[in-house]
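Let's have the full structure, built from the sequences with the hints guiding it.
Residue numbers (the UniProt record's numbering): 1 to 386.
Worth flagging that the hints you see were computed from the coordinates, not collected in a lab.
So the derived label-pair ranges between C-beta atoms look like this:
| id | residue 1 | residue 2 | range |
| --- | --- | --- | --- |
| 1 | 169 | 240 | 51 to 59 Å |
| 2 | 177 | 97 | 17 to 25 Å |
| 3 | 215 | 177 | 20 to 28 Å |
| 4 | 8 | 88 | 44 to 52 Å |
| 5 | 25 | 204 | 48 to 56 Å |
Derived DMTMM-like pairs: lysine to aspartate or glutamate, alpha-carbon spacing no greater than 25 Å straight-line:
| id | residue 1 | residue 2 |
| --- | --- | --- |
| 6 | 129 | 4 |
| 7 | 182 | 133 |
| 8 | 35 | 8 |
| 9 | 129 | 170 |
| 10 | 186 | 132 |
| 11 | 41 | 31 |
| 12 | 116 | 133 |
| 13 | 295 | 308 |
| 14 | 147 | 133 |
| 15 | 41 | 16 |
| 16 | 147 | 4 |
| 17 | 135 | 154 |
| 18 | 80 | 93 |
| 19 | 168 | 132 |
| 20 | 80 | 59 |
| 21 | 35 | 19 |
This structure is a prediction, so every number in the text was calculated from the model and none was measured. Don't be surprised by glycine CBs; every beta carbon is placed ideally from N, CA and C.
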Amino acid sequence: MFMEGTVEEFECAWNDMLEMFNLHGHKWVTDIYAKRSRWAKAYLRGHFFAGMKSTQRCESMNAYLNRFLKTCLKLFEFVKHFDRALSRIRHNEAKAEFETHHSSAVLTTKLYALEKYAGTVFTRQSFLKFRDEMKNAELFSLDRSMKCTCMMFESIGFPCPHMIVVMKIEHLEEIPETCIMKRWSKLAKETVEVHHDNESQGDATNIIRYGALSSMCSRMSYFASQSEKAFKEARCEIQILTCQMEELCKTLAEKSEREDLKATKHHVRDPIIVKTKGNPGNLKDKFKKPRHCGKCKKVGHIVRKCPEFVNTHNALINIEDSIEDMGDVPSLLNHNMEGGSRHETNEFSQNTTLGTFQNGPETSLNDSWLELHPPNYFTSQVRVIE
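Here it is as structure tokens:
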């Protein structure tokens, strides 16, 4: 799989393997061989993959995120930790870019001029990889062709040790432009172009534009700050350009508002109600028995709203009102009673509460009181409760 060599060398090595392990006609081996152009390094040479394997990018990202994320995290905790991981990545990238633009590389090889030029062209991490190839250049013999058969430059983007030997023999002080891949140079971010069909884009596109312009203006600001004349000229041009961009932004905003007014209104309606998925619920709930009244055993009401209970309650209230109306009876009885006892009076009141007036008390009542309250008065006002 990782064999260094040409396609012919790979085919010979594959046939030798089949002969050694007697794998002719094996289904799995035959299927893998049919896909050799997707995994064999001999077939992938010359295609730029930035030095990454098939799953290296996702695996490295997963390994990095596993340091911050756990399976037991809640949703809001997951978002918080994920943002912290992204912030760490952005911080490391900004730190590496600062070191690339504002620091000088330490020269350690004998090819002083070539290494110094590489330090001014490549980023910091790219320069370290290129310097490792420079140290290995002494182990290879001379080859006067800048296009190497190992195709390391086409695959990874760095000149191979064979090319560096040629530069050394030719006493080159600068790396040829054809041997510098822009992807690994300091100019990789300075010409970022974003093409879109329409003008209205989201916040992500605006952030990309802002970052590209900030990177370009940062270099311009550095050179403009070196002298008074350059500073004044740059400041004047920036003010003029700022006014132009402000007018352009207002024009685009007004145009967008007019287009929004012309656009047809789309009414957002409620979604169509569909049957919910999942457990249909307990079937017993669909066939609940109707509630019965605890007093009359009828359906449709409860005890507190039962008509019979309400009538009985009203009857009790009428009895209490009647007794209150008869509040003067005890005093009259005590006044007209001859030799009567308090016990007889209590018996009279008790019989009256029960709803029956049994022939009245033994003593005679005042005639005037009897005229106001005839004997049938009590039976008409009091209902007997069975």
